[in-house]
Amino acid sequence: MEILRDLILVLVPALLVGAVVYYLINVFRKREMEQNEQIHKAEKLRLVTPIRLQAYERMILLLERIAPSQLIMRNVAPGQSAAELQNILVANIRQEFEHNLSQQVYISSNAWELIKNAREAVVSGINSAAESLNSDASATDLAQLIFEHEITSQGSTLYKAIEFLKKEVRENFF
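At position 18 of the sequence shown (counting the first as 1) the number is 0 in our numbering, and the numbers step up by one without a gap.
Keep in mind that the hints were calculated from the coordinates and are not lab data. A couple of the hints might just be wrong.
Below, simulated BS3-like cross-link-like pairs (lysine-lysine); rule was C-alpha separation at most 27 Å, straight line [claimed, not checked]:
(1) Lys23 x Lys149
(2) Lys26 x Lys148
(3) Lys98 x Lys149
(4) Lys12 x Lys23
(5) Lys23 x Lys148
(6) Lys142 x Lys98
(7) Lys98 x Lys148
Label-pair distances were calculated between CB atoms; the ranges are [claimed, not checked]:
(8) Met15 x Ser106: 52 to 58 Å
(9) Ile33 x His131: 31 to 37 Å
(10) Pro32 x His131: 34 to 40 Å
Even for Gly, the Cβ is constructed at its ideal location relative to N, Cα and C.
Take these sequences, add in the hints, and give me the full structure.
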């Protein structure tokens, strides 16, 4: 009987100490895991933020480069026909877009949709301007028609997309 009593007197405190140690170790381990997770998130954010900002910069640059006035200034040549200029402008837009295609990973879906819509609107505007000209029209005629269309459409999808991107950058990063 005395052995049983001694055994209980030794085991009960040992079990209590063991339970407290187990509880403290679990609390400590959970706290360590949370801290490591926070450090990991902060490091990931530190690495990804510059890449995301660069993606937004590249998308704004893309939109600026496919603006009809910019395209014409870079691609018009003396003696060119309207059809040649149209083909060059559309090919240039596709090339610019394909060059920046991977950046969609870093921007929002809404922003990407606006960029695609802006690209399609610019291509559509160029094609509709070219269709309204005679087959013997010069590149200068097409350029003038595109400039006129750009001036009259102040709220174009291209400029809406640029403003949306700027707003999104301000909200997410500043």
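Here's how the hints hold up against the structure:
no.	hint	result
1	Lys23 x Lys149	holds, 25 Å
2	Lys26 x Lys148	holds, 23 Å
3	Lys98 x Lys149	holds, 18 Å
4	Lys12 x Lys23	holds, 16 Å
5	Lys23 x Lys148	holds, 25 Å
6	Lys142 x Lys98	holds, 12 Å
7	Lys98 x Lys148	holds, 16 Å
8	Met15 x Ser106: 52 to 58 Å	holds, 54 Å
9	Ile33 x His131: 31 to 37 Å	holds, 36 Å
10	Pro32 x His131: 34 to 40 Å	holds, 37 Å
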